[in-house]
Each structure stands twice: as C-alpha cells, then as structure tokens.
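Enquirer: Work from the hints to combine the two standalone chains into their complex.
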Amino acid sequence: AQSVTQLGSHVSVSEGALVLLRCNYSSSVPPYLFWYVQYPNQGLQLLLKYTSAATLVKGINGFEAEFKKSETSFHLTKPSAHMSDAAEYFCAVSATNTGNQFYFGTGTSLTVIP
Amino acid sequence: DGGITQSPKYLFRKEGQNVTLSCEQNLNHDAMYWYRQDPGQGLRLIYYSQIVNDFQKGDIAEGYSVSREKKESFPLTVTSAQKNPTAFYLCASSIALSSPTQYFGPGTRLTVL
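So the sequence lines, in the order shown, correspond to chains A and B.
Residue numbers for the first sequence follow my numbering, beginning at 277 and rising by one.
Residue numbers for the second sequence follow my numbering, beginning at 7 and rising by one.
No lab work stands behind these hints: they were computed from the structure.
Any given hint could be a false lead.
Which residues of chain A face chain B? A partial, calculated answer using Cβ under 7 Å [said to hold, decoys possible]:
#, residue
1, G319
2, K345
3, T382
Computed cross-link-like contacts, DSBU-like style, restricted to lysine-lysine with a CA-CA straight-line distance of at most 35 Å [what the hints assert, rightly or not]:
#, chain 1, residue 1, chain 2, residue 2
4, B, K15, B, K63
5, B, K89, B, K76
6, B, K15, B, K76
7, B, K63, B, K20
8, B, K76, A, K325
9, B, K20, A, K325
10, B, K15, B, K77
11, B, K63, B, K77
12, B, K20, A, K345
13, A, K334, A, K345
14, B, K20, B, K76
15, A, K344, B, K89
16, B, K15, A, K334
17, B, K77, B, K89
18, B, K20, B, K77
19, B, K89, A, K334
20, B, K63, B, K76
21, B, K20, A, K334
22, B, K89, B, K15
23, B, K89, B, K63
24, B, K20, B, K89
25, A, K345, A, K325
26, A, K344, A, K334
27, B, K63, A, K345
28, B, K63, A, K344
29, A, K325, A, K344
Cβ-Cβ distance ranges computed for the label pairs, FRET-style [stated by the list, open to error]:
#, chain 1, residue 1, chain 2, residue 2, range
30, A, E342, B, S73, 40 to 46 Å
31, A, G292, B, S86, 48 to 54 Å
32, B, G9, A, T372, 24 to 30 Å
33, A, T353, B, N59, 42 to 48 Å
34, B, P45, A, L332, 28 to 34 Å
35, B, T85, A, S328, 23 to 29 Å
For each residue, glycine too, the CB sits at the ideal point set by N, CA and C.
Looking at chain B on its own, in the form it has when it is part of the complex (with noise of 0.2 Å):
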C-alpha cells in the first residue's frame, strides 16, 4: 500500500539534544511539508520541499532543520535552538508543490523533558 510513514510515534528527549524525526513517503510525491501541531492553534508550516535537494522556509522554520535527497525521505531535525519543542509534528506530500491536494502521515509526538 502507498502511504507515508512517520518514525517513531512517540519520542522522548532531554532538553538541549538534537533529535530527528523519520518520514518516508512511497506515493512518489515530488513534494513534502512538515507541520507542527499544538492544541487549539492547528497546523502551522515548518519547512517544505518541492524537489530533491531544495527546501524552503515555512511559518516557524526558526530551530528546525531539513534535508531532501531522496525523493521519498525528508527528515526533520529538531535542534536544541527551538525554544518549545514539545508537540505533534506531522509530515505531508503532494503530487507536486503546485497539487492542492496534501496527503498526511500518521505523526509524532515529541516531548522533551
């Protein structure tokens, strides 16, 4: 089945470590988002990437970080800079940056201790 995966669901760390999140998709999307997700504030754009080895800035890309070089993995890094990091953080694609459809993956949850 085509889909996207998100590793681990549940992720725990100390506070000042780096940690990165999984996302894999096989729908062959050329394009993935990753979006972070707090109560009552909905999703907001992280980073996004319309092709392999280019990415750009989302809403509140300040103290994360991507890569994109496979078409089918974007992991995000979550570095010690973010100043709140503790949230749901939910990765997408779409056919191509210029598809209205976006396809969701299940998430993780990251807290930081």
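Looking at chain A on its own, in the form it has when it is part of the complex (with noise of 0.2 Å):
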C-alpha cells in the first residue's frame, strides 16, 4: 500500500520569500505523485503531478516539485511566495498496484506573512 508524509501541518513564510513544502512517500512500486491546493470551503485544485516523466515537474502558479527516489521524496516549492498563495497544501500519491486510488497527507496550511 501507499502513504504519505506531509511534515509540518503549518508553515509560514513570508511575502517574497521561498516556500517550500515537504512530502515524504510511501510505495512498493513506481508511484504517480500530486500537489493539489484548497482555498478555504472550496474543492482541491490540482498543482501539478508526477507521472514517471521527467522528475522535476512544473505546476500552476510557479510551483514545482522535484521527484527523488532515492529519497522517497516529492517536495513543493515556489522561489517568491505571493499573498494569494496562502492555502491549504496537499500531497497525494497513487500507484497502479492498488487499482490508482489516492492517499492524502494530512495537508499543510501555508501562511504568508505580508
């Protein structure tokens, strides 16, 4: 089965700065990743996913993540934070040995601190 690890259930930054959110994964096979995003008593957004294509992936509104295998790793990050990045971060990871159902992280909510 498949998990994930979000570490740091909130992280503030501030405006301009990098922000980088952490993902740690669990999988006995080659793993599909995703970052989704929720703004407040709305549905998630997809950011961006990894699909056993090229291992730095670029996302919506300048956020990217990177791939490490070797470190069961998929962390997101933006170089200058912005106001309206302020949400709720999620990670989710999928695999083909479990029919492709998600598992979530706990989410991170991201402040931005003007």
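Expert: Next up, the structure:
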C-alpha cells in the first residue's frame, strides 16, 4: 500500500520568500505523485503531478516539485511567495498496484506574512 | 465549460435524518469518487465507481450509500447510521479508474445539528 507524510501542518513564510512544503511517500511500486491546493471552503485544484516522466515537474502559479526516488520525496517549492498562495496544500500518491487509489497526506496550511 | 458540480454548497440536517449530496460531471469521465475531509485528517475515500451501475466501498463506507445510474451523476447518501456525519464532502472524477489523475468538485459542507 501507499502512504504520504507531510512534514509540518503549518508553514509561515514572508511575502517574496522561498516556499518549501515537504512530502515523503511510501510505495512498493513506482508511484504517481500529486500536489493539490485548497482554498477555504473550496475543492481541490491540481497544482502539478508526477507520472514517471521528468523528475522536475512544473505546475501552475509558479510552483514546482522534484521527484527524488532515493529520498522518497516530492517536495513542493516556489521561489517567491505571494499573498495569494496562502491556502492548504495536499500531497497525494497513487499506484497501479492498488488500482490508482489516492492516498492523501494530512495537509499543510501555508500562511504568507506581508 | 467542463467540470464537476456539487450541490448544495452548505447543507444542514437534523440528527437521524438521511441526506443526499449531489455530484454531477460533464467531463465524460468513467470513474467517480467521494471523499470525506475532516480537519487535520486529509481526505478519506468513501466510495468509488469505475462505470455505470458499479461502485465499490472505500476506506470509510460505513453509514454511507451511493448509486451510479448515469455516467454523469454519482449521488452520496449520508444515512442516520453514520455516527459523525458533520464534515466537508468532496466529489472527484477521472477519465478511468486506471487514470492516475483525479479532478475535484467544489465540495459540500454538511452540518448535522
């Protein structure tokens, strides 16, 4: 089975600073990995995904993530935080051996300080 | 525009009543999913369906029921057997069960009084 651990349930950064949200996964087979963003009382919006192509994945709104198999990590980064980035971020993993069922992390709430 | 709609956005019910949450998609996706979201717990899978007239239990199916009579629709009923139904409910779809990417609706916040 797969699982996801998001380190840090709350992260605060200053506007313009680097955003780093951590995600480590567990999977016995090559995984698919995703980052979603959720604004208050809204659904999840796909930021980016890794599906076994390039290990550095670029997403929307200037976010990117790098798949590191040796570290079983898929950390999300953005060079310069914007106030509009304040939201909840979820990492998720799926794999073909479990019918592509999604397993979500518990989320990281990002606060951007002006 | 193609997408997933969920209605209503906010729903209030008295304890002991069954309630049905709507989920409709016009993406022509075969697979649909229901998740429950609680603070600090991420999303947990309730039910999923890979095709019309077929659905499977997820990790927390007890107290819930679904139907899939049409490709576009996957309603979720929260029954009185669900012990703690107050939560945010999210519907999602994917092209097929074999497709790795899921797309989410805006969610319904259910509060049981």
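Enquirer: Now tell me if each hint is right for this structure.
Expert: Okay, the hints, checked on the actual structure:
no.: 1; hint: G319; in the structure: 4 Å, holds
no.: 2; hint: K345; in the structure: 17 Å, violated
no.: 3; hint: T382; in the structure: 4 Å, holds
no.: 4; hint: K15(B) <-> K63(B); in the structure: 24 Å, holds
no.: 5; hint: K89(B) <-> K76(B); in the structure: 29 Å, holds
no.: 6; hint: K15(B) <-> K76(B); in the structure: 22 Å, holds
no.: 7; hint: K63(B) <-> K20(B); in the structure: 26 Å, holds
no.: 8; hint: K76(B) <-> K325(A); in the structure: 29 Å, holds
no.: 9; hint: K20(B) <-> K325(A); in the structure: 40 Å, violated
no.: 10; hint: K15(B) <-> K77(B); in the structure: 22 Å, holds
no.: 11; hint: K63(B) <-> K77(B); in the structure: 18 Å, holds
no.: 12; hint: K20(B) <-> K345(A); in the structure: 49 Å, violated
no.: 13; hint: K334(A) <-> K345(A); in the structure: 17 Å, holds
no.: 14; hint: K20(B) <-> K76(B); in the structure: 29 Å, holds
no.: 15; hint: K344(A) <-> K89(B); in the structure: 41 Å, violated
no.: 16; hint: K15(B) <-> K334(A); in the structure: 31 Å, holds
no.: 17; hint: K77(B) <-> K89(B); in the structure: 30 Å, holds
no.: 18; hint: K20(B) <-> K77(B); in the structure: 31 Å, holds
no.: 19; hint: K89(B) <-> K334(A); in the structure: 42 Å, violated
no.: 20; hint: K63(B) <-> K76(B); in the structure: 18 Å, holds
no.: 21; hint: K20(B) <-> K334(A); in the structure: 45 Å, violated
no.: 22; hint: K89(B) <-> K15(B); in the structure: 22 Å, holds
no.: 23; hint: K89(B) <-> K63(B); in the structure: 17 Å, holds
no.: 24; hint: K20(B) <-> K89(B); in the structure: 13 Å, holds
no.: 25; hint: K345(A) <-> K325(A); in the structure: 15 Å, holds
no.: 26; hint: K344(A) <-> K334(A); in the structure: 15 Å, holds
no.: 27; hint: K63(B) <-> K345(A); in the structure: 31 Å, holds
no.: 28; hint: K63(B) <-> K344(A); in the structure: 33 Å, holds
no.: 29; hint: K325(A) <-> K344(A); in the structure: 14 Å, holds
no.: 30; hint: E342(A) <-> S73(B): 40 to 46 Å; in the structure: 42 Å, holds
no.: 31; hint: G292(A) <-> S86(B): 48 to 54 Å; in the structure: 51 Å, holds
no.: 32; hint: G9(B) <-> T372(A): 24 to 30 Å; in the structure: 27 Å, holds
no.: 33; hint: T353(A) <-> N59(B): 42 to 48 Å; in the structure: 44 Å, holds
no.: 34; hint: P45(B) <-> L332(A): 28 to 34 Å; in the structure: 32 Å, holds
no.: 35; hint: T85(B) <-> S328(A): 23 to 29 Å; in the structure: 40 Å, violated
The structure shown violates the earlier hints numbered 2, 9, 12, 15, 19, 21, 35.
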